[in-house]
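Undergrad: Each chain, letter by letter, is given below.
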Amino acid sequence: MLNIYGLTLIGVGLMAGLFTRVSLIGGMVLLAFYYLSHPPLPLLSYSMPSEGSYLIVNKTLIELFSMAVLLVFPTWHRIGIDRLLKIS
Amino acid sequence: MGMKDDKNKNTDKGDQKAIGPKVKMDRRDVLKGIATLPIFGAFAYSYYKRRSHEHLLKSNLRRGIGLSYDAPAPAYPSVARDNQIRLGIIGCGIRGTQLLRAAGFAHPAWMEEVKANAAVNRHDKRYEEYLAQEDLNVVITGVCDVFDVHAGTAMEAAVNSQKEGSSRSSVTQPKRYRHYQELIAADDVDAVIIATPDHWHGPMTIEAARHGKHVYVEKPLTWTVEETYEVRKVIKDSGVIFQLGHQGRQTESYIKAREAVEAGLLGNVSLIEVCTNRNDPNGAWVYPIHPDANPNTIDWKQFIGPAPWHDFSLERFFRWRCWWDYSTGLNGDLLTHEYDAVNQIMKVGIPHSAMSSGGIYFYKDGRTVPDTLQVAYEFPKKDLTMLYSATLSSGKYRPKLFMGHDACMEVSDRLVVTAEEQSTRYKNKIISGEIDPRYPIYNYTPGKKDVDAVTSATEQYFASRGLLYSYRDGKRVDTTYLHIAEWLDCIRSGQQPSCDIDQAFEEAMTAHMATISYHEKRMVFWDEDKELITL
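Just so you know, the sequences run in chain order R and E. Per the working numbering, the first sequence starts with residue 6, numbered consecutively. Per the working numbering, the second sequence starts with residue 77, numbered consecutively.
Read the hints as simulated data drawn from the structure, not as lab findings. Just so you know, not all the hints are guaranteed correct.
What the hints assert, rightly or not - Here are the simulated lysine to aspartate or glutamate pairs, EDC-like style, with alpha carbons at most 20 Å apart:
1. Lys-91/R / Asp-441/E
2. Lys-458/E / Glu-607/E
3. Lys-377/E / Glu-258/E
4. Lys-476/E / Glu-338/E
5. Lys-91/R / Asp-102/E
6. Lys-309/E / Asp-105/E
What the hints assert, rightly or not - Computed footprint of chain R on chain E, listed as stretches where at least three residues anywhere in the stretch have a Cβ under 8 Å from a Cβ of chain R:
7. 102-109
8. 266-275
All residues carry an ideal CB built from backbone N, CA and C; glycine is no exception.
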């Protein structure tokens, strides 16, 4: 449940540019969890069918890095509700 | 969503007014601040469009196919189980124990085992499912087995009344019979379950029917061609209720497959491919030998019965399926299941010809029956060929495939129909894009009531497990229980069960044709008028 609400709130936040920094950090934490729940270690295979568990070319990891880029090069004080709220 | 956006805008404006005097906020700030909100509108609009498009496709497809996603109607009306039926069981080995359980008599040790297992593994539903079986109002009054240990376990199972929530008020102590003829002749036995080696199926069925006892016999119906005629005659003359143990008759996906064929979804089916793939000693009939088995605990002479004499052998007793002397090999054990499913779905009847080949290629343990076998059956009147392909030393899963000109149907515990790209029937729909030959046009997963164009990998993974089960009202049920229950209900109502003697006759002759062809190394034919297998 926490996952569902967390994901929804993060998604809304990122789309609206609202509390962007918190949403980005929250999103990165969740993605890190997803990545670590199927750690791409040798001799470890997960019993559920999944899209695969790759070391680097992994969509979860790539998404996580993209969010890190957004965090480092912030735009929310330019466009988004954060501008109205004067969050920078 | 649009309204919500407006609301947000209003609130934003309100905020702006409230904080207006303190913070300077110009028009540019507001515009840039709310610039992201239209994204929600665009997102909601495209989501709605996509959903309604998918919905339209699905409902068009659903109407166009003409085959419902409802669970099949019950094969027979439900019967009041007021009068108690007294059962005798002959043959209490691996299958006999399972049949007893299906009738509501699980062995206490098994109950404890599955109960303990369910406590640590919540995916193990065996205990729960056993408890969910309806009380069939039967008692076991007679038990017969030539091996003392097996007879003893069956006796323990027969008095087991620990089924929680059971309405069984009294426990009947069954009598152990040393000889099957005594059990059949007993006055307190109304019906018998026969789960002996193949060479005994025919003689015991005949004996039971002559005594007016209803019969549930394991497949195959018979061990020789000759006794098949006699079994059919005696069953018909006596009027007893007969059921052959092909529990696949109860599998929901098979029943839906029959509906799919009747609805003409497949077009002309020219080829049916059915298979057996096993890759473990147990699957190859190398069953464990009981430590207490010896000439004193086994009535060897009775075991041999109509079979050619052989000196006492524990291997032959426990692994009897490996010898033609007592068994019908892959043909009787596993081909019959596949054939019966095809006969249930397509009503093919006895084939015009059979040609089989194979050999003992892996289990060179002294067996006489092949471990690898292929049979080609021709049904010229139905314009189709049925191929059976089996190996006991490779486990690669192959579904039952019904290959039609218009669509191909895969039958397992699920049912998947995929249109053929060159189909005549679906030509216009394929051109219009309503049907995509890459995806199933009909995908029936029992217990699931919706159109399911592409099931997720996770669901497929779980659905492909456990062919032993069917579904009723969305609940998983043991097919053997359903099959036994159908037989008992038919005894009460006087109706014919789904795998009656006519179906059984067709099953037996079809299997015998494959066996004769294997031995003779040539094609054998079925003379429909004379009802004879000819070379």
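Undergrad: A separate judgement is required for each hint: does it hold in the structure or not?
TA: Each hint tested on the structure:
| no. | hint | result |
| --- | --- | --- |
| 1 | Lys-91/R / Asp-441/E | 83 Å, violated |
| 2 | Lys-458/E / Glu-607/E | 18 Å, holds |
| 3 | Lys-377/E / Glu-258/E | 16 Å, holds |
| 4 | Lys-476/E / Glu-338/E | 17 Å, holds |
| 5 | Lys-91/R / Asp-102/E | 13 Å, holds |
| 6 | Lys-309/E / Asp-105/E | 95 Å, violated |
| 7 | 102-109 | holds (count 4) |
| 8 | 266-275 | violated (count 0) |
Going down the numbered hints, you'll see the structure goes against 1, 6 and 8, while the others check out.
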